[in-house]
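Participant: Spelled out from the first residue to the last, the chains are:
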Amino acid sequence: MSGGIKAKHQRLVLVLIALAALIGAGLLAAWALRSQASYFYLPSEMAARPPASDRAVRLGGMVEQGSLKTMPDGVTITFMVSDDKGRVPVRFSGIVPDLFKEGSGVVAEGKRAADGTFVAGNLLAKHDEKYVPREMKDMTDSQAHKTGENVQ
Amino acid sequence: MIATLGLAALWLAAALAVLQLVGAIVTLRRADNPLGAVVRSVAAVQGGLVAVSFACLIWVFLETDLSVKLVSENSHSLKPLLFKFAATWGNHEGSMLLWVSIMALGGACVALFERRLSEPAMLATLAAQAFVSIGFYAFLLIASNPFARLDPVPAEGRGLNPLLQDTGLAFHPPTLYIGYVGLSIAFSFAVGALITREVSPAFARAMRPWVLGAWIFLTLGIVAGSYWAYYTLGWGGWWFWDPVENASLMPWLAATALLHSVSVLAARNALRAWTVMLGVIAFSMSMVGTFLVRSGVLVSVHAFAVDPLRGQFILALLAINIGAALTVFALRAASISEGERFALASRETALVFNNVMLSGILGIVLVGTLYPLLAEAMGARVSVGPPYFNAASAIFAVPMLLVLCVGPLLGWRRDRLSRLTWKLWLPLAAAISAAAIALTQGVSVLSALGLGLGAALIPASMLPLVGRNLRTAKLPLWGMVTAHLGVGLALIGMASDSAFTREKLIAINVGQTVAVGPWQIKLARIAPVAGPNWTALEAGIEASYDGATPIKLAPQDRAFWAPPQQVNHSALSTRWNGQLYVVLGQQAEDGRWQLRLWWKPFVILIWLGGLMVALGGLLALLGRVASDLRRTIAIDKIAFRRKKQGR
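Protein chains in written order, with the working numbering: chain S, 928 to 1079; chain L, 1070 to 1716.
Because the hints were derived from the structure by calculation, they are not lab data. Accuracy of the hints is not assured; some may be wrong.
As the list claims (entries may be wrong) - Result set (DSS-like, lysine-lysine): computed pairs, CA atoms no more than 27 angstroms apart in a straight line:
| id | chain 1 | residue 1 | chain 2 | residue 2 |
| --- | --- | --- | --- | --- |
| 1 | L | LYS1573 | S | LYS1028 |
| 2 | L | LYS1621 | L | LYS1591 |
| 3 | L | LYS1621 | L | LYS1573 |
| 4 | L | LYS1543 | L | LYS1706 |
| 5 | L | LYS1573 | L | LYS1591 |
| 6 | L | LYS1573 | S | LYS1038 |
| 7 | S | LYS1038 | S | LYS996 |
| 8 | L | LYS1573 | S | LYS996 |
| 9 | S | LYS996 | S | LYS1028 |
Taking the hints into account, I'd like the entire structure generated from these sequences.
Facilitator: Have a look at this one:
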């Protein structure tokens, strides 16, 4: 703007800079989203295409009936998360959400350990009767029961 | 009776909005039209009527009038009075009535108090405000009537979602809405200026207080919402990049950019088209946010009712309003002449940089929020989470914060960077030492960067005061310094929370003690307690900081019975240097109790910094309003004297 560029082109230069920044933001977003695109996994997908062990992903499914166990430390639980085609063991240390229980849906945030266990840092269960994590909207209770029965 | 009155007032207000729009348009076409004289009064009366309607809704909630459908679905006679009151907007219909009330009252305030705008610009602004309002009146009256009745009247109400039964409900939604909807005034000003071709520094000075006002409330609403989520969800986090949070962040980013560009237009008559565009974008983001939150596209505690008709209605309103505004912009953009020029090293360049970076963050957040919805519409299931938002927004935020250290020191139009070098050694030294100390403590690079930037911002934000007579320094200058200082403090709070938090998750017996950070935490007892509409198990915690006398905390696990739901109630203890956060979990089979403990050094700075940002806005607003008042009084005096002389 000062120096080489003629002052009368200033508006054009400003518009171009703004455009370049916004296109940059768009490309950056697209690039970042491409590597994030499979951030959400169903149990069957996780078994078929396991994510790298250092990547934080979400695993969503139903907590299998009878799979919930508490470890001796009193704060670590293990359970199986399943859909109609696969199941993944999950380990979680923490205070479980109030509406977390066997046979209902859950989204676990965490990483996949080398032995295939999903180590969750956070569990998203229903906030209230009306709340379902967005990824699980199409998993109905009937599906949950079916999943539970299949296992039993 | 009261409900009927409220509904009648609402219909009448909607009719007045139509009259306001028609009156303003015909007067714009023919200045001598008699309707022109009443447009301002119509806007004022419309505001009054909606206020009456909203008061009626509060009334039926306080009375728990169960013949009103909304009350019976969202309230309960046994609920504490505060939550009966706040439940008024703790539901879809009530929150939309709150939206319309703020919009109408905002329009009334503009009609009554705005004196800088020319008469045509005022008419065009009130026309735009009426145009937007009519859409929302239609939405309210057709698809979300808050006063719908029930017959037969149920014996008892269903109660309010226990997660919402918190003092936060009394503050967070109204403040956020005043901010959201207050931006509609900036939108109407921008459209009005485009229609009358009056994009000028005078227009910017007229618009600035309204933008500031909305922005202050938006900031407060976001701060309140963040703190509410922090203490109520029991996760110890303060920002989750949840779509509903992003819905409030996007208008804030646009409004922050607008706030800075409007001061360039006011002071230097530059960034003319861009400022008008931002005025349109800011309120568009409010409407996008409302669509995301209220349409049922996202399912969350904020989406009260899932009704596809409502989603389509809001989407149509969104398309009509944004489409109309952008059309006016496209038609008039060419006629907005280019503003004053400026050199590369100037205050203007720094503010342009701020605007571009804020727009970049806005783009990142918008794409990250909408992409999963679009992907889902095409059959793919995708989550976008913190890893994306943190990294992508930092790419824009870090350069912006660096320039923030320098920008306020630069002069308008043309300056020399070499003039500043001697001033910048203190922020630079602070940044390097803070980051270096943090890194030796084994802190992550991103946290160290945040601490360094925050440490630089604190002295840098105060540099504009150096060499000034502090007694004569104007309020807007103090406001800017306070707000930028708040940004620095909030940044330190965020970085400190992620770098130094100590967490302990444990199951212990009553009587046992556990250490977290410098604290010794003893679980003294577990006892049942009862509230007005819940029972709970309460832990008696005795917490001692560094061997000092123990303080008592009482986290609870509450069971509400209307509607039946478990809610965890955490306990917090705040010291000058951090916050202790205690959550009571469940009882293990062997009788031990789960406790989750956090020691979070300086976490409170996040919200204190946020409050300072809002306070800075308030100081600037007071300064602007005071000087406007002085100007108005002076003009009146001159007019009075002329009249006297003329006689």
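Participant: Check each numbered hint against the structure and report the violated ones by number, ascending.
Facilitator: none
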